[in-house]
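Asks: Listed below, chain by chain, are the residues.
Number of protein chains: 2
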Amino acid sequence: MGKRNTIQRQLVIAAVRTLENHPTAEEVYNCIVTEYPDISKGTVYRNLNSLVETGLLNKVAVPNGADRFDHILARHYHIECTNCGAFSDVDTEYLEDIDLKIANSTKYKMDNHDIVFRGVCPKCQEILKQQGH
Amino acid sequence: MGKRNTIQRQLVIAAVRTLENHPTAEEVYNCIVTEYPDISKGTVYRNLNSLVETGLLNKVAVPNGADRFDHILARHYHIECTNCGAFSDVDTEYLEDIDLKIANSTKYKMDNHDIVFRGVCPKCQEILKQQGH
DNA sequence: TTCTAATTAAGAATGATTATCCGAAAGAGG
DNA sequence: CCTCTTTCGGATAATCATTCTTAATTAGAA
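For the protein sequence lines, the chains are A and B, in the order given.
Under the numbering used here, think of the first position of the first sequence as 64, with each following residue one higher.
Under the numbering used here, think of the first position of the second sequence as 64, with each following residue one higher.
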């Protein structure tokens, strides 16, 4: 009973920490497979989810895209570039008050909320400008 | 050039309006197929997406679940019950100001944002209470 | 060292969605 | 009305992300 600390498990969490920017399971797999070619994709998925359960990683469910895994555990928001798809953290405090507000109006026992912002990142703004608007 | 107003297209939009509570493509298909058995699932998907493009429907991308289609066009938020999975509208005004705030801090050209709240719905709170705790 | 439950690799299976194919039907123009 | 062009529909194959299955392997307790 309990979780076994396998090599694969160590490689998975190390990869998420190395890749930093919320890698997808696919990206984690690609990272590991270069130095440990025997790992299988199912193992990566299983370990990612088990690490989320244990509380060592966060899962970010991205609408219309693969799930992403985050080694930053504090609650925070994300922003997605509508042009290049880049997916980044937003550095703002968590809005506790809107949970309270919604709890009152909906009578739900509120847990938390996610916000995904969407817009064009600075880099893509440049590129689009050069292509003539 | 231009969209043809086919029977299938009419059935799709009518079904979304009848079903009201952001049906999935599957639910729309099931609704239509009872009175028009020849319709194919691909056609439902194609028309749903085309209606979204035209601006007659909204698509709600649900994390870890099938996309949902909404005939209410005003921007609004959603809340998901962590117990039964119910997915509902939240009746609150759109928070314009946080887009501005994030635009300033990230230098993104902001488009919009989605908020998904999570908590236990009143119905499930009752059920959980009766089961002790 | 031995034992056993947890974990693995490989690949099949799943669920949601999109792509492909080809024939049908609708609108434009004669 | 008759063609021509284009869009659209139905059937089904393909894709993508993910989970499941199976038999073999392994970590860690005894």
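Treat the hints with care, as some may be off.
As the list makes no split between identical chains, a pair holds if one copy fits it or if it spans any two.
To be verified - Here are the simulated DSS-like pairs of lysine-lysine, each with C-alpha atoms no more than 30 Å apart in a straight line:
{"no.": "1", "residue 1": "K164", "residue 2": "K186"}
{"no.": "2", "residue 1": "K172", "residue 2": "K186"}
{"no.": "3", "residue 1": "K104", "residue 2": "K66"}
{"no.": "4", "residue 1": "K170", "residue 2": "K122"}
{"no.": "5", "residue 1": "K186", "residue 2": "K104"}
{"no.": "6", "residue 1": "K66", "residue 2": "K164"}
{"no.": "7", "residue 1": "K104", "residue 2": "K172"}
{"no.": "8", "residue 1": "K104", "residue 2": "K170"}
{"no.": "9", "residue 1": "K186", "residue 2": "K122"}
{"no.": "10", "residue 1": "K66", "residue 2": "K122"}
{"no.": "11", "residue 1": "K104", "residue 2": "K192"}
{"no.": "12", "residue 1": "K66", "residue 2": "K186"}
{"no.": "13", "residue 1": "K164", "residue 2": "K104"}
{"no.": "14", "residue 1": "K170", "residue 2": "K66"}
{"no.": "15", "residue 1": "K170", "residue 2": "K192"}
{"no.": "16", "residue 1": "K122", "residue 2": "K172"}
{"no.": "17", "residue 1": "K192", "residue 2": "K122"}
{"no.": "18", "residue 1": "K192", "residue 2": "K164"}
{"no.": "19", "residue 1": "K164", "residue 2": "K122"}
By construction, these hints were calculated from the structure, which means they are not laboratory data.
Asks: Could you run down the list of hints and mark each one as holding or not?
Replies: Now the hints, each set against the structure:
1. K164 - K186: between (36 Å within a copy, 19 Å between copies)
2. K172 - K186: between (41 Å within a copy, 11 Å between copies)
3. K104 - K66: within (19 Å within a copy, 43 Å between copies)
4. K170 - K122: Both. Shortest intra-copy (26 Å) and inter-copy (26 Å) distances satisfy the 30 Å Cα cut-off.
5. K186 - K104: neither (32 Å within a copy, 39 Å between copies)
6. K66 - K164: neither (39 Å within a copy, 42 Å between copies)
7. K104 - K172: So K104 and K172 fail the 30 Å test inside a copy (37 Å) and across (36 Å) alike.
8. K104 - K170: neither (41 Å within a copy, 37 Å between copies)
9. K186 - K122: both (26 Å within a copy, 27 Å between copies)
10. K66 - K122: within (19 Å within a copy, 40 Å between copies)
11. K104 - K192: For K104 and K192, the Cα distance exceeds 30 Å both inside one copy (40 Å) and across copies (40 Å).
12. K66 - K186: For K66 and K186, the Cα distance exceeds 30 Å both inside one copy (43 Å) and across copies (35 Å).
13. K164 - K104: For K164 and K104, neither the intra-copy (42 Å) nor the inter-copy (40 Å) Cα distance is at most 30 Å.
14. K170 - K66: neither (37 Å within a copy, 43 Å between copies)
15. K170 - K192: Between copies only: 15 Å across chains, 47 Å inside a chain, cut-off 30 Å.
16. K122 - K172: The answer is both: 22 Å in one copy and 26 Å across copies each meet 30 Å.
17. K192 - K122: Answer is between; shortest inter-copy Cα gap is 29 Å, intra-copy 35 Å.
18. K192 - K164: between (40 Å within a copy, 23 Å between copies)
19. K164 - K122: For K164 and K122, both the intra-copy (25 Å) and inter-copy (25 Å) Cα distances are at most 30 Å.
Checked against the numbered hints given earlier, the structure breaks hints 5, 6, 7, 8, 11, 12, 13, 14 and satisfies all the rest.
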